[in-house]
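> For reference, each letter of the sequence shown is one residue, going 1 to 177 in the UniProt record's numbering.
Hints are supplied without guarantee of correctness; some may be wrong.
[What the hints assert, rightly or not] Straight-line C-alpha distance at most 27 Å; calculated DSSO-like pairs for lysine-lysine: (1) Lys156 to Lys43; (2) Lys102 to Lys119; (3) Lys151 to Lys122; (4) Lys35 to Lys102; (5) Lys151 to Lys35; (6) Lys42 to Lys141; (7) Lys5 to Lys156.
[Stated by the list, open to error] Pair by pair, the computed Cβ-Cβ distance ranges are: (8) Asp10 to Ile100: 30 to 40 Å; (9) Ala74 to Gln155: 38 to 48 Å; (10) Thr51 to Pro144: 40 to 50 Å; (11) Met97 to Ala152: 34 to 44 Å; (12) Asp168 to Asp10: 36 to 46 Å; (13) His121 to Ala74: 24 to 34 Å; (14) Arg167 to Ile100: 21 to 31 Å; (15) Lys35 to Ala74: 33 to 43 Å; (16) Pro109 to Asp168: 44 to 54 Å.
Don't read these hints as lab results, they were simulated from the structure.
Backbone N, C-alpha and C fix where the C-beta goes; we use that ideal spot for every residue, glycine too.
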Amino acid sequence: KGQAKLDGVDQWGTLNGSERPPYETMLHNIDSVRKIAALRFKKWKLVIGRTYHGRYDRWLGKLSTSRQDYTLDAVRDSAAGRAIQDSAASLPRPPVMLSIRKQASIYCPSPPSEDKSCKPHKAPCLFDIEEDPCELTNLAKSHPQVVRQMKAMLQKYRPVKPHNRRRDYRSYPHNRR
Numbered sequence: 001k002g003q004a005k006l007d008g009v010d011q012w013g014t015l016n017g018s019e020r021p022p023y024e025t026m027l028h029n030i031d032s033v034r035k036i037a038a039l040r041f042k043k044w045k046l047v048i049g050r051t052y053h054g055r056y057d058r059w060l061g062k063l064s065t066s067r068q069d070y071t072l073d074a075v076r077d078s079a080a081g082r083a084i085q086d087s088a089a090s091l092p093r094p095p096v097m098l099s100i101r102k103q104a105s106i107y108c109p110s111p112p113s114e115d116k117s118c119k120p121h122k123a124p125c126l127f128d129i130e131e132d133p134c135e136l137t138n139l140a141k142s143h144p145q146v147v148r149q150m151k152a153m154l155q156k157y158r159p160v161k162p163h164n165r166r167r168d169y170r171s172y173p174h175n176r177r
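All chains, full assembly: derive it from the sequences and hints.
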């Protein structure tokens with residue numbers, strides 16, 4: 001009562017760890033002009049197309065873990081930390097916060113073998129992100145039925161025309177003389 005009607009899904013129960021996510025599908029991106037898309041369905045993630053001229057179409061290596069600026073005070077004083085403290089909940093004790101951070105960290109092994117790597121500009125890539133959160137092993141060849149199902153799901157989003165249209169230089173103020 002008294003809450004604004006927002007376009008979105010309430011995630012509070014999931015963020016607090018008391019509920020499962022209220023969705024099974026998440027459209028990460030779709031662009032019919034560039035012919036790229038990424039969709040998550042349950043444990044699967046489908047990736048299609050080349051982005052930024054292939055700049056990120058490969059394993060980018062391990063993220064450095066030598067971040068010196070991470071402190072519990074910074075977490076507590078962050079916008080998210082203040083929002084939690086302003087709610088009915090309170091922040092966990094420091095040892096619990098460090099444990100949560102460790103549990104939330106993902107450590108990736110070495111890059112995949114060439115035959116299991118993702119080349120989204122050649123063919124769709126499929127990942128089991130519950131078992132492979134680093135998206136190292138492309139399972140598209142071994143699960144073609146999942147690829148077909150998810151491509152069909154993507155087609156349901158495609159009828160919506162993109163909002164980003166080409167520039168109309170006539171609309172620029174300096175061209176109105």
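> Tell me if the straight-line CA distance from Lys35 to Lys102 falls inside 27 Å.
violated (37 Å)
> Against the range 34 to 44 Å, how does the distance between the Cβ atoms of Met97 and Ala152 compare: consistent or not?
holds (43 Å)
> Please work out if Lys156 and Lys43 have their alpha carbons no farther apart than 27 Å.
holds (20 Å)
> Tell me if the beta carbons of Ala74 and Gln155 are separated by a distance inside 38 to 48 Å.
holds (44 Å)
> Starting from the hint 30 to 40 Å, judge whether the C-beta atoms of Asp10 and Ile100 obey it.
violated (22 Å)
> Hint check: Lys5 vs Lys156, CA-CA at most 27 Å. Holds or violated?
holds (25 Å)
> Need the status of pair Lys151, Lys35: alpha-carbon distance at most 27 Å?
The given pair, whose Cα atoms are some 13 Å apart, holds under the 27 Å limit.
> Is Lys151 close enough to Lys122, meaning Cα to Cα at most 27 Å?
Holds, at roughly 15 Å.
> Could you tell me whether the CB distance from Asp168 to Asp10 stays inside 36 to 46 Å?
holds (39 Å)
> Just tell me: holds or violated, for the beta carbon distance of Lys35 and Ala74 against 33 to 43 Å?
For Lys35 and Ala74 the Cβ distance comes to about 41 Å; the hint holds.
> Could one say that the CB atoms of Pro109 and Asp168 fall in the range 44 to 54 Å?
Holds - the Cβ-Cβ distance for Pro109 and Asp168, about 49 Å, lies within 44 to 54 Å.
> Does Lys141 sit within 27 Å of Lys42, going by the straight-line distance between their CA atoms?
Distance of about 19 Å is within 27 Å: holds.
Checked against the numbered hints given earlier, the structure breaks hints 2, 4, 8, 10, 13, 14 and satisfies all the rest.
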